[in-house]
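Undergrad: The opening residue of the sequence shown carries number 1 in the working numbering; numbering runs sequentially from there.
Source of the hints: derived by calculation from the structure; they are not laboratory data. Hints may be right or wrong, so weigh each one.
Just the calculated beta-carbon pair ranges, DEER-fashion [said to hold, decoys possible]: (1) Arg66 with Glu19: 29 to 35 Å; (2) Glu33 with Asp72: 40 to 46 Å; (3) Lys47 with Thr24: 31 to 37 Å; (4) Gly43 with Gln79: 37 to 43 Å; (5) Lys49 with Leu69: 21 to 27 Å; (6) Gly43 with Cys20: 43 to 49 Å.
All C-beta atoms, glycine included, are put in the ideal place defined by N, C-alpha and C.
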Amino acid sequence: MDLDCSAVLADVWLILDGECDEGTRERLQHHMEHCSPCIEQYGLEEKLKNLLNRKCGGDRAPDSLRQRLTVDIRTTFTQVETRRIDSGE
């Protein structure tokens, strides 16, 4: 199956972050091997990721912020799930 460039470029960060399965990674890489614009964009995104890692990679949010965000995320998730269940979805 041929992928179009917009689909490949939308998933570039999945490859860079190692967040896609092997099959997806292989399909994306196969496309990029045959598509100069996509491989060029991939290279730019890779350089951006490396720059961000160098400049911001060691930063860690304070524990109090991390705990507060964790509570907020859990609360929001619980509210959404409760609404979903109540609406019969």
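Undergrad: Work down the list of hints and note, for each, if the structure agrees.
TA: A quick look at each hint next to the structure:
1. Arg66 with Glu19: 29 to 35 Å: Distance hint for Arg66, Glu19 is violated at roughly 21 Å.
2. Glu33 with Asp72: 40 to 46 Å: Given range 40 to 46 Å: holds, Cβ gap about 43 Å.
3. Lys47 with Thr24: 31 to 37 Å: At roughly 22 Å between Cβ atoms, Thr24 and Lys47 fall outside 31 to 37 Å, so the hint is violated.
4. Gly43 with Gln79: 37 to 43 Å: 42 Å, holds
5. Lys49 with Leu69: 21 to 27 Å: Holds - the Cβ-Cβ distance for Lys49 and Leu69, about 23 Å, lies within 21 to 27 Å.
6. Gly43 with Cys20: 43 to 49 Å: 18 Å, violated
The earlier numbered hints that this structure contradicts are 1, 3 and 6.
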